[in-house]
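**Q** Fit chain E to the supplied structure of chain C, relying on the hints for placement.
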Amino acid sequence: MAEIESPAASGDVHAGMLVLGAGPGGYTAAFRAADLGQSVVLADQRPALGGVCLNVGCIPSKALLHAARVIAETREMAAHGVRFGDPDIDLDALRGWKDGVVSRLTGGLAGLARQRKVTTLRGTGRFVAANLAEVTAADGSVTTVSFASAIIAAGSSAVRLPFMPDDDPRVLDSTGALDLASVPGRLLVIGGGIIGLEMAAVYHELGARVTVVELMDQLIPGADRDIVAPLAKRIKSRYENIYLTTKVTGAEAGADPDAGKDAGKDAGRDAGRDAGTGTGGLRVSFDGPGAPDHDVFDQVLVAVGRVPNGRLVGAENAGVLVDDRGYIPVDKQQRTNVPHIFAIGDVVGPPMLAHKATHEGRVAAEVAAGQRSYFDARVIPSVAYTDPEVAWAGVTETEARAAGVPYGKGVFPWAASGRALSLGRDEGLTKLLFDPASKRLIGAGLVGPNAGELVAETAHAIEMGADAADIALTIHPHPTLSETVGLSAEAFEGTITDLYLPKKKK
Amino acid sequence: MTTEVQVPDIGAFDDVPIIEVHVKAGDRVNEEDPLITLESDKATMDVPAPVAGQVVEIPVKIGDRVSTGSLILTIDPGDGAVEAPPTLVEQQEPETPTEAGVPDGAHVSVVTDGVVEVAGIVESGAAGSVQAVATAGPAADFTGVHTGPSVRRTARELGVDLTAVTGSGPKGRITKDDLLAYLRGPSPASPPVRGAAAGTGIPEIPAQDFAQFGPVETRPLSRIRKLSGTYLHRSWLNVPHVTHHDEADITLLDAYRRELDAAARPDGYRVTLLAFLLKASVSGLKRFPEFNSSLSPEKDSLIVKGYYHLGVAVDTPEGLVVPVIRDVERKGIVELSQELGAVSARARDGKLAVADLQGGTFTISSLGGIGGVAFTPIVNAPEVAILGVVRSATKPVWNGEEFIPRLMLPLSLSYDHRVIDGALAARFVKHLSHVLEDPRRLIL
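Protein chains in written order, with this note's numbering: chain C, 1 to 506; chain E, 1 to 444.
Please keep in mind that the hints were generated in silico from the structure rather than gathered at the bench.
Careful: at least some of the hints might be erroneous.
[Claimed, not checked] For lysine to any residue, the following SDA-like pairs were computed, each having C-alpha atoms within a straight-line distance of at most 25 Å: (1) E:K61 to E:Y269; (2) C:K332 to E:T154; (3) C:K439 to E:G148; (4) E:K171 to C:E493; (5) C:K332 to E:T163; (6) E:K176 to C:A400; (7) E:K171 to C:P436; (8) C:K503 to C:H460; (9) C:K332 to E:E157; (10) E:K286 to C:D217; (11) E:K331 to C:G494; (12) E:K430 to E:T394; (13) E:K171 to C:A402.
Quick caveat: nothing in here was measured; it's all calculated off a predicted structure.
Next comes chain C alone, as it looks inside the complex (with noise of 0.2 Å):
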């Protein structure tokens, strides 16, 4: 074995455990690591804990996207008789709601912090050896850290297309949409994924012209087509163009970058509007069925994924493997190939979500306490917060097909719910999918006001090993939404009431 030039005996700051990244999976594990009596460090380069999904992701989208539902509900009342105005939009007070929504829960994080002796370090971290790093501030000083056991959490970053052009503030990441500087007259949505349609809903209740362009043939790539269908429905009915199967080859910018952002900031949406035929936009082409060659647009946002921060964190300096993708490989504990060095969250695969993470925070943290804690959850629940929501666990229908998997299938159509009558909305769905054998539930996909929140349920059942007797004879309160979860498995069973299904024929 070589020698190996050694850096500083010790830091700094000594640390039992250090964090690297303070998103939703990094505090997690810093504070479980603290529960369990380690002195910890937790770095991350943002002033305020909690990430990707705190300051700019999860959390302030849902604020804005409850405005947009609001906006939405009070227009769709008009039709049932109870009329409102047009809304008034007051575009700073409602970002200032949105950070303070962001702010309250930080500013709760820090306090979680602080109670639990958590050393927070505010700069980039990056490894140096096997058992020091340095966090790097703002301001160029930096902080050595020794440790004896670390967590990488460093996240994931949005992918930016290199054909876009730099520094323009009209082309946007989903940071830069949750800024709302101002509502563009006509968007170019570039991805269909959840983060795209989801800023799509925001900006196109918030007065935008939305188009959304995506590479695949359906929209929320990864979610079965019949669950995406009443989301696609809807917004293709409301959004001014939805390309599929289409991928955008170029962009530049026309005359004026500002012509586009100031008229929709001064002037509000009807100016936004106008702006869309202005020759300041950005012109962007288009290769695919249906979509023209080019198109001009005030704004675009650019949500094509998000790819791994392995490369960012030095992990090589502490002989830890990082692949080609970005992605850094650990076993179902957390552990990379270097035993005391963990990773976790966006940063060891997909999916990159925030309750992925949250987990696999806590393993890591308790391994690291030496026990014997493992990642074993089955499924992970994913939920795009459109409207209506689309949400979806375990196995999907494609999936199942595509491996062979064989699969029974109980579906209800939400059009023969009450409960989402009367909420206005009739194009819901819930489909569970079963083990035809053991007749377990080995997936669900709901589309609908709220899928998400009922998607918890289903995970659940999959987690416990339910069957689709278990869920058809748990009561269900009359009358939810939830009860479509009972009623798809009573579809299952074939003693549904509800529905008139012909009679299985074997």
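**A** Frame of chain C; chain E shown alone:
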């Protein structure tokens, strides 16, 4: 530089389960601190630390089965300074799975001075990773196992591969109890009470709510009482008991005993009647070998033992225990008295080793100090007889011409009637009385 701690000689038992692990990697222990607790049929036994130091690695866990010589853990005796980090490397070097190939530096760099210091300051952190590394193995895949998340987690904690566990819940669901049953293993000794009761079709005593009649307090039974209860119940149900009562004239013997006792006191031990009873019993066992035997499991032959290891029932605060005095025929009264004193003290302190409780061929239960005229002891199966004695008393004895005062010792011999008939029992007890009446006969 580390000391390997192995399971000491625990007698004939193999595959004894570990029921408690008192330390974890990184803990500092003093010499004689208990490290783990083993459970045998009759007793629990702590394995103490042979040296003071820091626990480096514990490859065993609760539920593991060990035998004499099994490695329990390694201790770094050190000299007071914590030296965790070198072991971090030593432990993981040979066994760390490095699928993708770790650069050499990854390991080497761990042994920097910086690390030593860090780990020294943050002891628990470094130690935690040591243990975690040591226990890491290929993770069993629980996909498709019918159980909930909490049982999966418990299985991970206990290192159980759930795919090997049979579920007793609805539809074969694995419950937490299934997991614990699996850990205990297919031990025939574990459910004996139920087995005995169920096998004989004896109806359970119906439960009652005593609180309706007055205030009650529920006190958990001690370990020993629960264990001995199982044995006594099993013996009571399986062995057709008969008890033979007689008296021995120990007037002369007692005078002799007092002499010896007075002489022994300065040397720090007492000479009690029990030592004489042991010698007398061996004399009886030699003459009547049926009493030093066991019924074969098929119950078609008698296994007669060529050794004389006698159990002595000892009352302890935790309950009844029966340490065994070995090779009684080769020991004199003095040696036996000293050994009885030592073993009784160990029994009362709960420090009996498993070997102290094994191998008995015949048992003596003495209530001598307390009182009574007779009782019916329960045979300590698979032995076939047990001698009970109560307090001796001076009684008028007719010598053919007159009543004379003699010190009489009541003897109660319970025996397994499948092996021993009443006439044989009467002869055995008569022989005991004969020997006890004149201490000179003890040496014959």
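**Q** Checking one constraint from the list: CA of E:K176 to CA of C:A400, max 25 Å. Satisfied?
**A** violated, 31 Å
**Q** Mind checking the alpha carbons of E:K171 and C:A402 for me, to see if they're no more than 25 Å apart?
**A** violated, 29 Å
**Q** Within 25 Å, alpha carbon to alpha carbon, are E:K286 and C:D217?
**A** violated, 95 Å
**Q** Within 25 Å, alpha carbon to alpha carbon, are C:K503 and C:H460?
**A** violated, 29 Å
**Q** Taken at face value, is the distance from the CA of E:T154 to the CA of C:K332 at most 25 Å?
**A** holds, 15 Å
**Q** Against the 25 Å threshold, does the CA-CA distance of E:K61 and E:Y269 hold or violate the hint?
**A** violated, 42 Å
**Q** Is it true that the CA of E:K430 sits at most 25 Å from the CA of E:T394?
**A** Given that 25 Å is the threshold and the Cα spacing comes to 19 Å, the pair holds.
**Q** Does E:T163 lie within 25 Å of C:K332 when you go C-alpha to C-alpha?
**A** This hinted pair holds, its Cα atoms lying about 17 Å apart.
**Q** When you check the alpha-carbon spacing of E:K171 and C:P436, does it fall within 25 Å?
**A** Holds, at roughly 15 Å.
**Q** Hinted pair, alpha-carbon criterion (25 Å max): C:K332, E:E157. Please report holds or violated.
**A** Holds, at roughly 14 Å.
**Q** Holds or violated: E:K331 with C:G494, Cα cutoff 25 Å?
**A** violated, 82 Å
**Q** Given the hint that C:K439 pairs with E:G148, test it: the Cα-Cα distance must not exceed 25 Å.
**A** holds, 16 Å
Taken one by one, the earlier hints fail for this structure at numbers 1, 6, 8, 10, 11 and 13, listed in ascending order.
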